[in-house]
Amino acid sequence: MPTALEDLFTKTKAENRAVLIGFLPAGFPTQKESKAIIKAMIDGGVDAIEIGYPYSDPVMDGPVIQAASEQAIANGVGVDQVFDLLKTSVEYGVPSVVMSYWSPIEKYGAAKFAAAVSDAGGSGVVTPDLTIEESELWKSEASDKSINRIYVVAPSTSQERLPKVSSECSGFIYAASSMGVTGTRSRVSISAKSLVDRIRTTSKTPVAVGLGVSNKEQATEVASYADGVIVGSAFIKIIQEHGAGRSGLKKIKQLAAELSEGVRSAR
Amino acid sequence: MAIDKTSQSMDSSILGHFGPYGGRFVPEALISALDQLNDAHISAQADPSFHAELTELHKTYSGRPSILTDAKRFSEHAGGARILLKREDLNHTGSHKINNVLGQALLTKRMGKSRIIAETGAGQHGVASATAAALFGLECVVYMGEADTKRQALNVARMKLLGATVVPVTQGSKTLKDAINEAMRDWVTNVEDTHYLLGTVAGPHPFPTMVRDFQRIIGVEAREQVLALTGKLPDAVLACVGGGSNAMGIFHPFIGDKAVRLIGLEAGGKGVESGFHAATISGGTPGVLHGTRSYVLQDKDGQTIESHSISAGLDYPGVGPEHAYLNDIGRAEYRPITDDQAMYAFSLLCKSEGIIPAIETAHALAGALEIGNELGKGATLLINLSGRGDKDVQTAAEYFGLPL
Numbered sequence: 002m003p004t005a006l007e008d009l010f011t012k013t014k015a016e017n018r019a020v021l022i023g024f025l026p027a028g029f030p031t032q033k034e035s036k037a038i039i040k041a042m043i044d045g046g047v048d049a050i051e052i053g054y055p056y057s058d059p060v061m062d063g064p065v066i067q068a069a070s071e072q073a074i075a076n077g078v079g080v081d082q083v084f085d086l087l088k089t090s091v092e093y094g095v096p097s098v099v100m101s102y103w104s105p106i107e108k109y110g111a112a113k114f115a116a117a118v119s120d121a122g123g124s125g126v127v128t129p130d131l132t133i134e135e136s137e138l139w140k141s142e143a144s145d146k147s148i149n150r151i152y153v154v155a156p157s158t159s160q161e162r163l164p165k166v167s168s169e170c171s172g173f174i175y176a177a178s179s180m181g182v183t184g185t186r187s188r189v190s191i192s193a194k195s196l197v198d199r200i201r202t203t204s205k206t207p208v209a210v211g212l213g214v215s216n217k218e219q220a221t222e223v224a225s226y227a228d229g230v231i232v233g234s235a236f237i238k239i240i241q242e243h244g245a246g247r248s249g250l251k252k253i254k255q256l257a258a259e260l261s262e263g264v265r266s267a268r
Numbered sequence: 004m005a006i007d008k009t010s011q012s013m014d015s016s017i018l019g020h021f022g023p024y025g026g027r028f029v030p031e032a033l034i035s036a037l038d039q040l041n042d043a044h045i046s047a048q049a050d051p052s053f054h055a056e057l058t059e060l061h062k063t064y065s066g067r068p069s070i071l072t073d074a075k076r077f078s079e080h081a082g083g084a085r086i087l088l089k090r091e092d093l094n095h096t097g098s099h100k101i102n103n104v105l106g107q108a109l110l111t112k113r114m115g116k117s118r119i120i121a122e123t124g125a126g127q128h129g130v131a132s133a134t135a136a137a138l139f140g141l142e143c144v145v146y147m148g149e150a151d152t153k154r155q156a157l158n159v160a161r162m163k164l165l166g167a168t169v170v171p172v173t174q175g176s177k178t179l180k181d182a183i184n185e186a187m188r189d190w191v192t193n194v195e196d197t198h199y200l201l202g203t204v205a206g207p208h209p210f211p212t213m214v215r216d217f218q219r220i221i222g223v224e225a226r227e228q229v230l231a232l233t234g235k236l237p238d239a240v241l242a243c244v245g246g247g248s249n250a251m252g253i254f255h256p257f258i259g260d261k262a263v264r265l266i267g268l269e270a271g272g273k274g275v276e277s278g279f280h281a282a283t284i285s286g287g288t289p290g291v292l293h294g295t296r297s298y299v300l301q302d303k304d305g306q307t308i309e310s311h312s313i314s315a316g317l318d319y320p321g322v323g324p325e326h327a328y329l330n331d332i333g334r335a336e337y338r339p340i341t342d343d344q345a346m347y348a349f350s351l352l353c354k355s356e357g358i359i360p361a362i363e364t365a366h367a368l369a370g371a372l373e374i375g376n377e378l379g380k381g382a383t384l385l386i387n388l389s390g391r392g393d394k395d396v397q398t399a400a401e402y403f404g405l406p407l
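In order, the protein sequence lines correspond to chains X and B.
Numbering-wise, the numbering used here comes out as the position in the first sequence, counting from 1, plus 1.
Numbering-wise, the numbering used here comes out as the position in the second sequence, counting from 1, plus 3.
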């Protein structure tokens, strides 16, 4: 049976538009407020939610997400809050996935982690530092629970390696728009489109682009060629600057609405 | 170089596994650079001209072979066991770190890259990297935890004098662990023209294997020197273990000599039971950190726990995966040494031999006192004197209450 995430991509394909995915670390700035932020994202038009498992050594993340993760960890966020938020997000009615570095998953136990994602109604897990070579255990546990495994593909991924990674992905393939870490950028790298084109020659799985997308214009541009657009740091920045009170949430909803318009007007 | 009969690699696969340890846990963006590095390393190892160039640098630049010192007066405190010191402290830049740095700098040239980045805790690896960058005309950026730049201000100045840029890291715990994270982020972004010159036998494959290969000259030389001096192999080989590069370097050529005990001394800080330590194998659990699976100091959620040691160079919550493997199969043993034990041995070596060791190295010396007393007269212990203590004069003076 397809996951809710897979159903979403099927639906948006029929609508000829890209999916808008919003990212937020669990427990940022607090557990209660992270629920309100997700709600605001969804109210504004985000189609799916990616919940970050805040980790002490996030080498794939830029300063914005690092600071948010540090704050969440300092607030005592752990695995319980991650799955609590996942469950909440699913209850809000959108397909939801977890993004986690491998250390917390391995420590919790791959089988237990996959089961917890599935029990919470989650569709899958994005694993930014799990290489396909180290994936044997995760592959069998995730398949066992019928959740999606989402790996990241980079502009530096070789032509020879690309099909090996893309064929391991389900739900969507996470295309890193440029060489670098997460964060807002003034423009989305041109390497993003050529990477998406390259991925498409190897796989029929939808491709979502992340890293550096922060405004409507960029979302529109990326949505013209990709199946999904992932936005994280731009939402977090709003909270860091305006807090998660009424005005912060209003700005979250407003950005989500603009991005949502972007992905709908791209083609 | 003499033919080395114990050079066979213990790697079980091309993916850099040591039993369940090692491997690669990194962003996909780095895979092509790691593959390129692995290819460069393998082809260099098979190329006599590479070895000739490196040997020439050892001979005319860093000062190899390093000598063996029979520490007779120090031995009197070690149950009468004979203590032999492999003098890596006499290398250019003051520690074993230069062995790895020269090797990787040559590989950087072979890969056609023009910029190196490095992490450093105490500053020794940063200084060695800045030195090699100057020698080879490479741009050099060193990431160092902000807390460490203050503790080791002298080494920061040394790196700057050598032409390197030192970037203080203000994220996380502001120490070595976070300097590595920041170096990885730089590498992900600038991998095209940049080589990450990692300083220890940790990190993703091929670093644990490659750094070991560049450090094993310590053990190759020492094995011959001990045989020439005593006519037999030592009863035990001892080295301090933070990430574990000096230990791996001296252990590796002895792995096939089953009768030789291999003993790694970890930083026990204020005692493993206190929670304030950096004894990763003695007090940690298997997990993933900085691209490799090994023993890690971590909590129940897999979050890294901050380590504590009087020695900045051992103050690291991870350890090389090959050490984890040698521990699990029982080929090597690992013991914690407290700050106080290390500083006692530090002082003893100063006064009995006229050698000021690095505080890192003092952990191995404290281990020598312990093991010497266990084995007694007639035993021979080979100790890797991995670095000199000039950089630690301030810390030691404060510890012993000397006015500066």
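Please keep in mind that the hints were generated in silico from the structure rather than gathered at the bench.
There's no promise every hint is true.
[What the hints assert, rightly or not] Heads up, simulated EDC-like pairs for lysine to aspartate or glutamate below, C-alpha to C-alpha not over 16 Å straight-line: (1) B:Lys-75 / B:Asp-304; (2) B:Lys-354 / B:Glu-79; (3) B:Lys-303 / X:Asp-81; (4) X:Lys-108 / B:Glu-79; (5) B:Lys-177 / X:Asp-81.
Going through the hints against the structure:
At roughly 49 Å between alpha-carbon atoms, Lys-75 (chain B) and Asp-304 (chain B) are farther apart than 16 Å, so this suggested pair is violated. Pair hint Lys-354 (chain B) plus Glu-79 (chain B) holds up; C-alpha atoms about 13 Å apart against a cutoff of 16 Å. Our distance criterion of 16 Å between C-alpha atoms is met by Lys-303 (chain B) and Asp-81 (chain X), whose separation comes to about 12 Å. Using a Cα cut-off of 16 Å, the hinted pair Lys-108 (chain X) and Glu-79 (chain B) is violated, with the two alpha carbons roughly 47 Å apart.
The straight-line distance between the Cα atoms of Lys-177 (chain B) and Asp-81 (chain X) is roughly 28 Å, outside the 16 Å bound, and the hint therefore fails.
Comparing the model with each numbered hint stated earlier shows that hints 1, 4 and 5 do not hold.
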